[in-house]
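Enquirer: Residues per chain are reported as follows:
Number of protein chains: 2
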Amino acid sequence: MEYSRNDLLSLRNFYRDQLLNNTIPFWFPRSVDTEFGGFLLMRDADGSLLDDDKAVWIQGRATWLLSTLFNTVERRTEWLQWSKNGLDFLDRYCFDSDGQMFFHVTRDGKPIRKRRYFFSETFYVIASAAYGKASGDQRAVSSSQKVFTDCIAYATGQKKLQPKFTSTRPSKGIGVPMIMINTAQELRRSAGDPRCDDLIDRWIREIERDFVKDDIRCVMEQVSPDGSIIDHIDGRTLNPGHAIEGAWFILQEAQYRNNDKHLVELGCRMLDYMWERGWDAEQGGIFYFRDVYGKPVQEYWQDMKFWWPHNETIIATLLAYLMTGDQKYARWHQMVHEYAYQRFHDKVHGEWFGYLHRDGSVAQTAKGNLFKGPFHLPRQEFYCWMMLDTHLKKNSE
Amino acid sequence: MEYSRNDLLSLRNFYRDQLLNNTIPFWFPRSVDTEFGGFLLMRDADGSLLDDDKAVWIQGRATWLLSTLFNTVERRTEWLQWSKNGLDFLDRYCFDSDGQMFFHVTRDGKPIRKRRYFFSETFYVIASAAYGKASGDQRAVSSSQKVFTDCIAYATGQKKLQPKFTSTRPSKGIGVPMIMINTAQELRRSAGDPRCDDLIDRWIREIERDFVKDDIRCVMEQVSPDGSIIDHIDGRTLNPGHAIEGAWFILQEAQYRNNDKHLVELGCRMLDYMWERGWDAEQGGIFYFRDVYGKPVQEYWQDMKFWWPHNETIIATLLAYLMTGDQKYARWHQMVHEYAYQRFHDKVHGEWFGYLHRDGSVAQTAKGNLFKGPFHLPRQEFYCWMMLDTHLKKNSE
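Protein sequence lines correspond, in order, to chains B and U.
Numbering of the first sequence is given in the working numbering, commencing with residue 1 and proceeding in unit increments.
Numbering of the second sequence is given in the working numbering, commencing with residue 1 and proceeding in unit increments.
One or more of the hints may lead you astray.
Identical copies look the same in the list; a pair holds intra-copy or inter-copy alike.
[Stated by the list, open to error] Derived lysine-lysine pairs resembling DSS-like cross-links, with alpha carbons at most 25 Å apart:
1) LYS213 x LYS328
2) LYS114 x LYS261
3) LYS347 x LYS295
4) LYS110 x LYS172
5) LYS133 x LYS114
6) LYS164 x LYS394
7) LYS133 x LYS164
8) LYS328 x LYS394
9) LYS295 x LYS146
10) LYS213 x LYS110
11) LYS295 x LYS261
12) LYS295 x LYS172
13) LYS159 x LYS347
14) LYS146 x LYS110
Just so you know, the hints here were simulated from the structure itself, not pulled from any lab data.
Just so you know, these numbers come straight off a predicted model, no measurement behind them.
Here chain B stands alone, though its shape is the one from the complex (with noise of 0.2 Å):
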């Protein structure tokens, strides 16, 4: 199938009107913390408040969303006073002593549990480089870039966390290059920094040659360190939607160096090899978790749909389709957009829930809690709108 100039009109109208009618206002001012700084997240559908603990990822991304609106949609000077009251936060309570950040506080900063990986940092980062960039504050730019050199450190092994397993089995896993690209990418377009297009080229390497295994049609989620497949239940463990996910900050990457073939043809092989493997058939959706082999995975709700993977596939699917006019995406981009804004969308309360079965029912009602916030869904909603309106401004008549 194909999208028509009027379909892609629609769909841009689409998830505009959702991003700022629906999903932002879901979350925003009620989340705003005017007594503690922060925001107060962890919120049930109505948007009730559950805990009022804050997980430090979702505060770094609730910071840098609403850094970005302001950097793109509009000047509106509350998105920048929240942002401000989030990054004010992030700065005064979420970090160690040994300049690790935390990742789950109380309402007034204090650390409740600390992680032995390191993203609530890259989380800062970008909030931190949006935030400089929307309010011109140099220190702001200049904390992020400080971060994320301490960023790579960890993820190049400098700095050692300490690890949760011996090292008689190494193993490295995709979220770390994942990562880091699109931490690179995000300070790049925030606040520019020389190292980023070196690194992000070597990173997306590193997927390349370790994690994409074309003879069997797959991204691998976690590697020897020389790249071979570790025949263990762990290391069989497939997560397609963040394959996918990886996929785009590619084709992102593709685009940002004048849509580069190779780039491109590297992201679309990815985005199919986990299509393949990740969308359920039978009952629509992305699974959670695959096996490699066909095996039963460790996880044992590794069946359930999850919202995030289906953010992760409606933008990669968008993006390769008018990235290559390939009517497989255009159709893939159709059924997975059908399927989550029938089932992960909340007709009463807006926004979406987090957690379906394989059958699409609802299994968990929380809109917010210790990692669901304003992050993937307003994300996708406001990437798909910018990438929308791009492409039809360019190939306007």
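Keeping the supplied structure of chain B fixed, place chain U upon it in accordance with the hints.
Expert: Relative to the frame of chain B, chain U by itself:
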């Protein structure tokens, strides 16, 4: 409803036959690793091997099971041999140089992961004690008592394990007093240990004082050190099958103490509260997690039906019925027994599936993995068989 003598006789025969002709033959002899010692237990529905790694909990539990069968059912040489094969592997490979045990090792005993709690140790205690009784090997008995001493030190906080959380919001779980009660009961049965009675008393008092909430008819999974409810997502999360397991540990203690009235009443109260909260009145089976105030649980798979809460509930309801004669418990026992043997039991290859969707369909086919192995199901079949046998003999005409 009531169970007639004939009902009880046929239940006894059913559990015995399932154990000896269905469950045990699924695992043994095929899982005995004659090359490296220990057991190869990570198996798919048909018994094929999914992974040759070894989960230390399950190595200990299988060792315990085989020696317990030898001690009670029949002195079959192979059961004792296989149990020795398990204990030797534990002794040789599963202790770190600091005395703490690993959680997950390779087939040949190289450590993969160590965790920040001490359940590997508690399963070692019951394995080593049961084997000591079966074989008369006094070293096994002393080793069991020595590791039990470590467990007491961890449980009381004398020996510190590395914390997962900061000290901002201290909490304690029901898991520690529960596992310690059962570990002490098993150690007392197999080897005797003068410390057990007092310790069991203390842990039961702690559960009653801090975790059992009569005003809201609930057994909490986690509370603050003073027993108050922590009104955050994690603190509100209940695990009904786990609390019901605790209920039967206490009923078993009541039985040991000549049907101590207070303990009978406490065990039944815990069972009542958590049956009310855990039984899925719409679709049958025991929910995995619930929120104490009916809010969404962080764990999105909270409404799945896992095998082991059903094993624990089958034991608890039958034991409560035989101890009190209350017809409600016979009704509950029949409900959970029928649900479980219809839905979890694999009619083709034997043993049980571990993980059902809320609607009772199979979500994941593995019979064994890092957390499932020959323990909850064979323990339930063994325990119910023995309890019915004793009851029928005592009440024979």
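Enquirer: Each of the hints needs a verdict: does it hold here or not?
Expert: Now for the hints, and whether the structure bears them out:
In this assembly of identical chains, LYS213 and LYS328 lie within 25 Å of each other by CA distance solely inside one copy; the values are 22 Å within and 58 Å between copies. Taking CA atoms no more than 25 Å apart as the test, LYS114 paired with LYS261 passes in neither setting, with 41 Å inside one copy and 46 Å between copies. Taking the shortest Cα distances, LYS347 and LYS295 sit within 25 Å of each other only across copies (20 Å), while inside one copy they are farther apart (37 Å). In this homomeric assembly, LYS110 and LYS172 come within 25 Å of each other (Cα to Cα) only across copies, at 19 Å, whereas the closest approach inside a single copy is 32 Å.
Taking the shortest Cα distances, LYS133 and LYS114 never come within 25 Å of each other, neither inside one copy (29 Å) nor across copies (44 Å). With identical chains, the CA atoms of LYS164 and LYS394 are never at most 25 Å apart, being 49 Å at best within one copy and 52 Å at best between copies. Taking the shortest Cα distances, LYS133 and LYS164 never come within 25 Å of each other, neither inside one copy (37 Å) nor across copies (37 Å). Within a single copy, LYS328 and LYS394 get their C-alpha atoms as close as 22 Å, which meets the 25 Å cut-off; across copies the closest is 73 Å, which misses it.
Taking the shortest alpha-carbon separations for LYS295 and LYS146, neither the intra-copy value of 43 Å nor the inter-copy value of 40 Å comes in at or below 25 Å. In this homomeric assembly, LYS213 and LYS110 never come within 25 Å of each other (Cα to Cα): the closest approach is 44 Å inside a single copy and 29 Å across copies. Neither within a single protomer nor between protomers do LYS295 and LYS261 lie at most 25 Å apart by alpha-carbon distance, with minima of 35 Å and 50 Å respectively. In this homomeric assembly, LYS295 and LYS172 come within 25 Å of each other (Cα to Cα) only inside a single copy, at 21 Å, whereas the closest approach across copies is 37 Å.
Taking identical chains as interchangeable, the C-alpha atoms of LYS159 and LYS347 are never at most 25 Å apart, the minima being 46 Å within one chain and 53 Å between chains. When the C-alpha separation of LYS146 and LYS110 is checked against a cutoff of 25 Å, the pair qualifies only within one copy, where the shortest distance is 23 Å, while the shortest distance between copies is 39 Å.
When held up to the earlier numbered hints, the structure conflicts with 2, 5, 6, 7, 9, 10, 11 and 13 and fits the remainder.
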